[in-house]
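So the protein lines, in turn, are chains A and B.
Going by this note's numbering, the first residue of the first sequence is number 1, and it counts up by one from there.
Going by this note's numbering, the first residue of the second sequence is number 1001, and it counts up by one from there.
All clues stand as given, with none of them false.
27 Å max Cα-Cα, derived BS3-like pairs, lysine-lysine:
no., chain 1, residue 1, chain 2, residue 2
1, B, K1142, A, K102
2, B, K1074, A, K24
3, B, K1158, A, K24
4, A, K188, A, K203
5, B, K1048, A, K17
Note that these hints are calculated values from the structure, not bench results.
Given the structure is predicted, the values throughout are model-derived calculations rather than measurements.
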Amino acid sequence: MSEQRLSDSVLQIIEQKEIKPKSKWSFLLKNWVIWIVGILAVLIGALAISIVIAVLRSNDWDIYREFGQSLPRFFLSTMPYLWLIILGLFILIANYQIQHTKHGYRYPILVIALILIGVSAVLGTLFYGVGVGHALNHRLNEESPLYRQFVDKKADRWAHPEAGFLFGEVQDIVDNSEFAVRDFDGKKWNVTDNTVSENPRIKIEEGIRLRLIGEKTGDAEFEAKRILPWDIREKGKQRLQQHIRDKINIERRIPPLRTR
Amino acid sequence: MEESDLQQRTDEELVALTLEDQKYFALLVDRYQAPLTRYILKVSNSTKEEAEDILQESFIKIYYNLNGFDQDLKFSSWAYRIVHNQVISTYRKNKSRPQGHSWSIDDDLMRVLASDLDTKRDVDIIYLKQNINQVFDQMDVKYREVLVLKFLEQKDYKEISDILQKPMGTIATLINRAKKQFKKEADKLNLELY
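Please model the complete structure; the sequences and the hints are all you need to start from.
Given below as structure tokens:
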């Protein structure tokens, strides 16, 4: 090669092998793919955060003592670790993608990671706010006993009617003290309401989801001694409905103003 | 176009011309052959012939990826980046560690290096030149390459960041650590620099 100029030998190889510059579109496409994968990773991270928020907010903080645990132990045992791992994994993926954009290498990895966590947190909070976290978590609970057992410990706790803890979505109301619910596995239970007064007392309506503490009295029979809303959204829904009912009642009692 | 007119063209203009007609690529090769060959020799264990092979491969890659050249970078930074990656990949294939090879360095650059490494004011430049290869050979490649780029290729922090694709803060840290390692290795070799 020393006899021939390098430029001549390079051009010769380019011609012999018919090498052409890669098209601009292939670089654009690669760039788009990097960004799309990165954005998807952030969105999945945000979904994970929305589920973590949903799980933590709807946890049994009000009755953790019923399970015989101290608060710190209860907190540690019910953390949705899988979703935290998924969040970490997708933040890593998003970070990798950002590092491989045109100018991503100019920014320290830690700074990018913190920004990505921040963006996922904001989006995750928004997703939680519109109910995505709850909906997804509930769907997974219904579809998979393994998910209940290993991820959403709350759902698993309330899938043990033999231990006195039953989740149920109200299907039919027989009378004031009897109603039917469907558990996570779709099994129908007849529930007898033997509750001691709960304040505020929950109104049993079709479709609401409940935590039932009591005793299994038959293969599909459950005597409830305490009835609680499944999560804060049910509580919130009931309070809002009660508020609306109270407002209507007040307006009915006040006579209309006379005008001249 | 006249040869002299073409020599005046910027790298970016030559890239645009090459994309229309590959013959203009020869001008870029001629322009960068010498500095890139020196760079390969300084950071790797190549003979001159091996360096030329690496450089030839690099220029073919540069040509092939010309449409991907980021106009926000200097062409030289981009070219150095491709050569750097080619050196690393060649040594990964051969499963050997790039080590410095004997090369010469001019006196002015040696003074810059000596000054920045806080060596003795009156240290013999010739003495330093004779022994610098030994010191560089003992250094980790990641430290050797930043010292080479900073002091011998005289690249600024932004250019080194673009070449090695690392943040500027990381480059500054690497240079500081490289200087410390240089002094440590010089000490081990009983070189009286201080």
